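Novice: Modelling step: build the complete structure from the supplied sequences, incorporating the hints.
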Amino acid sequence: MSATIAKSLDLKGLSCPMPIAKTAQAIRDLKPGELIESFATDPGSVPDFAAWCKSTGHVMVEQTQESGVYHFLIQKR
Amino acid sequence: MTTTADITRSIDARGMPCPGPLMSLIGAIREGTVGDMIEVLSSDEGSRTDIPAWVSKAGHELVEVAEDEGFAHFVIKKVR
Amino acid sequence: MPARVVVLGGGVGGTLAANLLDKELGGDVSVTVVDPTGMHVYQPGFLYVALGEANGRWLSRDERTLLRPNIDLAVERAIRIHPEAGTVQLERGGNLEWDYLVLATGARLVPEQIPGLVEGSQEFYSLEGAERLREELRRFDGGRIKVGIAGIPYKCPPAPVEFVFMLEDHLRKRGIRERSELTLLSPLNRAFTIESASKVIQPIMVERGIGLETFFNVESVDPSAGIVESLEGDKAEFDLLVLVPPHRGQKVIEDSGLGDAGGWVPTDRFTLQAAEHERVFAMGDCTNLPISKSGSTAHFEAPVIASRIASLIRGTVPKTNYGGRVMCFLETGNGQATALRFDYEHPPTPPQPNRAWHTAKWLFNRLYWETVPKGRIPERATKERS
Numbered sequence: 001m002s003a004t005i006a007k008s009l010d011l012k013g014l015s016c017p018m019p020i021a022k023t024a025q026a027i028r029d030l031k032p033g034e035l036i037e038s039f040a041t042d043p044g045s046v047p048d049f050a051a052w053c054k055s056t057g058h059v060m061v062e063q064t065q066e067s068g069v070y071h072f073l074i075q076k077r
Numbered sequence: 001m002t003t004t005a006d007i008t009r010s011i012d013a014r015g016m017p018c019p020g021p022l023m024s025l026i027g028a029i030r031e032g033t034v035g036d037m038i039e040v041l042s043s044d045e046g047s048r049t050d051i052p053a054w055v056s057k058a059g060h061e062l063v064e065v066a067e068d069e070g071f072a073h074f075v076i077k078k079v080r
Numbered sequence: 001m002p003a004r005v006v007v008l009g010g011g012v013g014g015t016l017a018a019n020l021l022d023k024e025l026g027g028d029v030s031v032t033v034v035d036p037t038g039m040h041v042y043q044p045g046f047l048y049v050a051l052g053e054a055n056g057r058w059l060s061r062d063e064r065t066l067l068r069p070n071i072d073l074a075v076e077r078a079i080r081i082h083p084e085a086g087t088v089q090l091e092r093g094g095n096l097e098w099d100y101l102v103l104a105t106g107a108r109l110v111p112e113q114i115p116g117l118v119e120g121s122q123e124f125y126s127l128e129g130a131e132r133l134r135e136e137l138r139r140f141d142g143g144r145i146k147v148g149i150a151g152i153p154y155k156c157p158p159a160p161v162e163f164v165f166m167l168e169d170h171l172r173k174r175g176i177r178e179r180s181e182l183t184l185l186s187p188l189n190r191a192f193t194i195e196s197a198s199k200v201i202q203p204i205m206v207e208r209g210i211g212l213e214t215f216f217n218v219e220s221v222d223p224s225a226g227i228v229e230s231l232e233g234d235k236a237e238f239d240l241l242v243l244v245p246p247h248r249g250q251k252v253i254e255d256s257g258l259g260d261a262g263g264w265v266p267t268d269r270f271t272l273q274a275a276e277h278e279r280v281f282a283m284g285d286c287t288n289l290p291i292s293k294s295g296s297t298a299h300f301e302a303p304v305i306a307s308r309i310a311s312l313i314r315g316t317v318p319k320t321n322y323g324g325r326v327m328c329f330l331e332t333g334n335g336q337a338t339a340l341r342f343d344y345e346h347p348p349t350p351p352q353p354n355r356a357w358h359t360a361k362w363l364f365n366r367l368y369w370e371t372v373p374k375g376r377i378p379e380r381a382t383k384e385r386s
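Read top to bottom, the protein sequences are chains E, R and A. The letter at position 17 of the first sequence is residue 17 when you use the working numbering, and the numbering goes up by one with no holes. The letter at position 23 of the second sequence is residue 23 when you use the working numbering, and the numbering goes up by one with no holes. The letter at position 101 of the third sequence is residue 101 when you use the working numbering, and the numbering goes up by one with no holes.
Think of the hints as simulated: they come from the structure by calculation, not from any bench. You may find that some hints are simply not true.
Here are the simulated lysine-lysine pairs, DSS-like style, with alpha carbons at most 25 Å apart [unchecked claim]: (1) 22/E <-> 7/E; (2) 57/R <-> 77/R; (3) 12/E <-> 76/E; (4) 54/E <-> 23/A; (5) 57/R <-> 319/A; (6) 374/A <-> 54/E; (7) 23/A <-> 235/A; (8) 251/A <-> 23/A; (9) 7/E <-> 54/E; (10) 22/E <-> 374/A; (11) 22/E <-> 54/E; (12) 12/E <-> 54/E; (13) 57/R <-> 23/A; (14) 54/E <-> 31/E; (15) 22/E <-> 76/E.
The model shown is predicted, which means the values in this text are computed figures rather than measured ones.
Specialist: Below, the structure written as structure tokens:
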């Protein structure tokens, strides 16, 4: 991965729609091509992040789940 | 003590903060007919002062107020 | 032979309930959604249309595109429900049979109930109303604006408060705030239904110079004199009046003898069954429950109804109850908002308005079509490690 992870957000414990809202706010400070990663525990964040990427054109580089924590790695368009 | 038979409409607003017991009462008064006896059950603290205040200002009759386990019980008569 | 479920109404509640039932039961259920227009409208958008911030075009979508493929859509008006016979009569003469019925018929506006309201005031509770108000605001060049409520119950208690805050922003941006006077006419003795939220927003209203008149339940409007009167005997003068119109349940509910004095369906607060008809469920704006008439209520009720009907169809005991969950945003202008989250057991504790909640509301508006009506059923993650 050549792009840098510019921001890492711990959003565990926040319920919908806060995980996506905080991520959308934070990504504004990134340069195009930079990566942001978010960790969330709310299962609703999975469809939210997918819909947001589809709507904005940001790229969901990777999306994984481990022990109830969802990890989203998104590249700013 | 007003019996169930006398009640035209009963609003159980316990645990329902929005629109709240007073708003629901106002709705029942607006939708009702003169002479209606409306019962309101409320677990909301503020209702104890808000409901009598509005009933008085709007010219209706507060027939009964009773305290129960964690909630208040009001009976209001639509006068006009 | 699949069980037949008819859903009356293709709004947020009906659409989601239908989709969840179809997903849960597949071939064991045949779902039909009946809707008079076949168009699904995102009502929270009207506010933005009124303020010139959104185009009404984006607020409606063909209901067919929001329903799973095996669900039938009948673009028809239901005119009579026969609960004992298990049928619904349609306006054009057809008849639908059902084993379970979901009433998601919403609320209708009855502005004619208030003398002078139609001629003398504006509203943003319909797309036409919002567009007319937008034009009226374009012509507005200063004066007294009063925002009030002309009937209870009404959809979305936050809306008039949000409108007043957003309007204040709007007038400032246009440079006419100095010569405009803004007042909220509240039916209660505070600005908003929820006391804890009112405590948060009232100081902001004072800061922004927005007036508040209390215990003002609109009874009539005198368009030529520019006066609005309350049932409490007070009067207020206006140059521009924006009112939440009175609401009632739909005609089909009333004509079928299923509605109370306001046309609302008496409903159990936990099981969401219509009183006296155990195979009929009611949700969203059409119930008589003294809870918020809000999209989020229908959104949270839908899975309960789908689950209970699925259990009944399978012959198991329904266990899911609606716990009164509601989640609403309240925009306070200036790029900030708060959130109202509560249920029957937990009262709301709204946070101080902030940018994060404003962003959350903005995102919700933008992502609605892709998330809510189809059911935000989490997809499986691309990689799963345990």
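Novice: If a hint holds in the structure, say so; if it doesn't, say that too.
Specialist: Structure-based check of each hint:
no., hint, verdict
1, 22/E <-> 7/E, "holds, 12 Å"
2, 57/R <-> 77/R, "holds, 14 Å"
3, 12/E <-> 76/E, "holds, 22 Å"
4, 54/E <-> 23/A, "holds, 23 Å"
5, 57/R <-> 319/A, "violated, 45 Å"
6, 374/A <-> 54/E, "holds, 16 Å"
7, 23/A <-> 235/A, "violated, 54 Å"
8, 251/A <-> 23/A, "violated, 31 Å"
9, 7/E <-> 54/E, "holds, 21 Å"
10, 22/E <-> 374/A, "holds, 24 Å"
11, 22/E <-> 54/E, "holds, 17 Å"
12, 12/E <-> 54/E, "holds, 23 Å"
13, 57/R <-> 23/A, "violated, 52 Å"
14, 54/E <-> 31/E, "holds, 19 Å"
15, 22/E <-> 76/E, "holds, 15 Å"
Hint compliance for this structure: hints 5, 7, 8, 13 are not met, and every other hint is.
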